[in-house]
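J.: Heads up: the sequence lines are chains A and B, in that order.
Our numbering puts the first sequence at residues 1073 to 1185.
Our numbering puts the second sequence at residues 87 to 200.
Do not rely on the hints blindly, as some may be mistaken.
[Said to hold, decoys possible] Quick look at which bits of chain B chain A covers, simulated, 3 or more residues with Cβ under 8 Å:
#	stretch
1	127-134
2	138-150
3	187-195
Just so you know, these hints were derived from the structure itself, not from any lab.
The model shown is predicted, which means the values in this text are computed figures rather than measured ones.
Don't be surprised by glycine CBs; every beta carbon is placed ideally from N, CA and C.
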Amino acid sequence: GDSVTQMEGPVTLSEEAFLTINCTYTATGYPSLFWYVQYPGEGLQLLLKATKADDKGSNKGFEATYRKETTSFHLEKGSVQVSDSAVYFCALLHSGNTGKLIFGQGTTLQVKP
Amino acid sequence: DAGVTQSPTHLIKTRGQQVTLRCSPKSGHDTVSWYQQALGQGPQFIFQYYEEEERQRGNFPDRFSGHQFPNYSSELNVNALLLGDSALYLCASSLSGRLRDGYTFGSGTRLTVV
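Chain A with its partners taken away, still in its complex shape (with noise of 0.2 Å):
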C-alpha cells in the first residue's frame, strides 16, 4: 500500500542553518504531495504542496520540489529561524482522489539560537 518514509529526528540546528528534510514516498500512480507543519499544542497547518512531477512548492522561505523518478520530495530552507522549529510531516494524497491522506512519522526540528 501507499507510505510515506521521513528522516528520523530531531534534527538541530543553529539559527541561519540550511535546513532538509527527507521524504520519500510510495504509491501507485501520480500522488499529490505536502508538507504540513505542526507547532507544540496546536493542529497541522499545510505548509506547501505540489500535484505533479517536477512542480516545486514553496511558502514561507520553504521549499520541496517533486521528484518523480526518486520518489522523493524533500523539504528545503536556506536559512531557519528559532521560530521554525515545530514537528514536520510529509504526507500523499493518493491520484485516486480518495481523500485519505497518508502521513510520514514526522521530524522534530529544533533551531538554538
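Please build the complex by placing chain B on the supplied structure of chain A, with the hints as guidance.
T.: Just chain B, lined up with the frame of chain A:
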C-alpha cells in the same frame, strides 16, 4: 474567517466509557475527515464524511463511528474506550472536488483514557 473548530480541547474519560467529539469545518468546505494522532506519531486516517455519508474509512474498529450534519459539521463517537484510544483527534475539512488543494486542520481534541 474561522478555520476548523473542534470541541472540547481536552477530555478525560474512563476505560469503557463513550465519548463524542465535535467539529465545525472551515466556511465553504463540505467534506470532513477525522484523524487519530498518537504521541510522537503521524496522524492516522479514521474516516471521511461527505453529503452526510461516510465516504471512506481507515483501519479502525466499529467502535469508531461518525456523523455529518446538514450544515457540514461532524461528530466522532468512540464506544467502549480503551487505554490505547488516548490520542489527539484531529478534524480536517476540505472542498469536495478540490482535495488536492490540501486540507485545513483544527487544533484537535486531546483525549486521555484512564
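J.: Each hint should be assessed against the structure and marked as holding or not.
T.: Do the hints match the structure? See the list:
no.	hint	in the structure
1	127-134	holds (count 6)
2	138-150	holds (count 3)
3	187-195	holds (count 8)
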